[in-house]
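Trainee: Work out the full structure: start from the sequences and follow the hints.
What follows is each chain in one-letter form.
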Amino acid sequence: MEALFSNFANFDVRMIVMWAIGGVLIYLAIKKDMEPTLLLPLGFGAILMNLPVPTVMEDGALKLLSGVGSEEGVLSVLFNAGIGNELFPLLLFIGIGAMIDFGPVLSNPKLMIFGGAAQFGIFFTLCMASMFFDINDAASIAIIGAADGPTSIAVAISLGSKYLGAIMVAAYSYMALVPVIQPPVIKLLTTKKERMIRMPYKAANVSKRTRILFPIITTVVTGLFAPDAVALVGFLMFGNLIRECGVLNSLSETAQKVLANLVTIFLGITIASKMHYSEFLAPDTLLILGLGLIAFIVDTAGGVLFAKFLNLFLKNKINPMIGAAGISAFPMSGRIVHKLGLEADPQNFLLMHSIGVNVSGQIASVIAGGLILNFFL
Amino acid sequence: MQFNPANFLSNLKYMGLGMLGIFIVIGIIVGVVVGLNKVTKE
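As you go down the protein sequences, you meet chains A and B in turn.
So that you can map any letter, position 174 of the first sequence is 174 in this note's numbering, and since no number is skipped, the others follow by simple counting.
So that you can map any letter, position 38 of the second sequence is 415 in this note's numbering, and since no number is skipped, the others follow by simple counting.
Take the hints with a grain of salt, since some may be wrong.
Covered stretches of chain B, as calculated for chain A (at least 3 residues, CB under 8 angstroms) [to be verified]:
| no. | stretch |
| --- | --- |
| 1 | 387-397 |
| 2 | 400-409 |
With the C-beta cut set under 10 angstroms, the calculated list includes, among others, these residues of chain A facing chain B [stated by the list, open to error]:
| no. | residue |
| --- | --- |
| 3 | N85 |
| 4 | M128 |
| 5 | M199 |
| 6 | Y201 |
If you are wondering where the hints come from, they were derived from the structure by calculation, not from laboratory data.
Virtual Cβ for every residue (Gly too), placed ideally from N, Cα, C.
Mentor: Pasting the structure below:
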């Protein structure tokens, strides 16, 4: 009987708090359909990680479910094999690249400039976070503003941030909360008259050759100017090349579904190994959540204000809301802008423009991540 | 955790460099795509 309860000696009340956090993440994933592919494994992992298992208590997060003696635990193996060397996020990028249709932005490449402008929140948050954290942690926290989970993971790992768990929870939670965060910021910065600006869409054919050359050229340009982004951009563009080449349809399908799903399963549960109560339940975590929110808000504001600035010089005005779609949260951000356009004027169809900007935000956020690595690695 | 407000100002240079870097890379990609669209017009 004593043996049955001996494990309770390892119990800590903070574990219950982590179970509650895990429960909330699972609830949000299932009931609210908020990024379920990541929030559910993270939520379950948060519970798994905070059980009073002796191996966890002795050796910390990486020894969870450890083998006998000096044997590594299964999460330890997964972390070292897939997260510590950035393998999982990069493999996920192949899948994401295969999912993206760059057509809208290739038919109107000027839209890409808004993807760049909407990365302002990352660099603003970097300055903000540097007041509280050392520069590598500040840069890792700032990249939450990329609204791009794999980029956040890759940057935080490369810079050796000890806040990986909190950064991941913030990044994926806010991505899911884009429909809540963005509309008030957009409405605050635009007048109804501006939101009513119509942007006629002229469908332009994009040749197959352009679609094939685009991922190759983007990889080369990135490699020349932001070498630390080349792994991220390269894997993203490799996935896109598989999609666009036209002769690897089965590989493209596998990358989009099987590969992406498989990596996602391991990614979430492995990252949760960084959610041990001893690291996670700290004032730093709350601060990181706050800074992540600032990054998303300033990204949105940066895109809108940049579009308003351009309107000062343009004869044919653009709807400044499309600037807000320049974050990487695809396709939510593009859809939100389209919806707000319809709200202001039921005949105002901005979807093709906003999706184009949204897609360019995916490229720009990866480039921003690479530049951050260039600065601080 | 520390609180050092002076770091905000001292790191503003990264904001400038970062945004400049993004616009340069994006600008080159835009230029190449515009060129590609012209050359490969079907």
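Trainee: Does each hint hold? Answer for all of them.
Mentor: How the hints compare with the structure:
Requiring three or more residues with a Cβ within less than 8 angstroms of a Cβ of chain A, the coverage given for the stretch 387-397 of chain B holds, as 8 such residues are present. Counting residues of the stretch 400-409 of chain B whose beta-carbon sits less than 8 angstroms from any beta-carbon of chain A gives 9, enough to reach three: the coverage restraint holds. Among the interface hints, the one on N85/A is violated; its C-beta lies about 25 angstroms from the nearest C-beta in chain B, farther than the 10 angstroms criterion. A cut of 10 angstroms between beta carbons decides the hint on M128/A: the least distance to chain B is about 7 angstroms, and the hint holds.
Because the beta carbon of M199/A sits about 18 angstroms from the nearest beta carbon in chain B, more than 10 angstroms, this interface hint is broken. The beta carbon of Y201/A is not positioned within 10 angstroms of any beta carbon in chain B (closest approach about 16 angstroms), and the interface hint is therefore violated.
Violated hints, in rising order: 3, 5, 6; the structure is consistent with all others.
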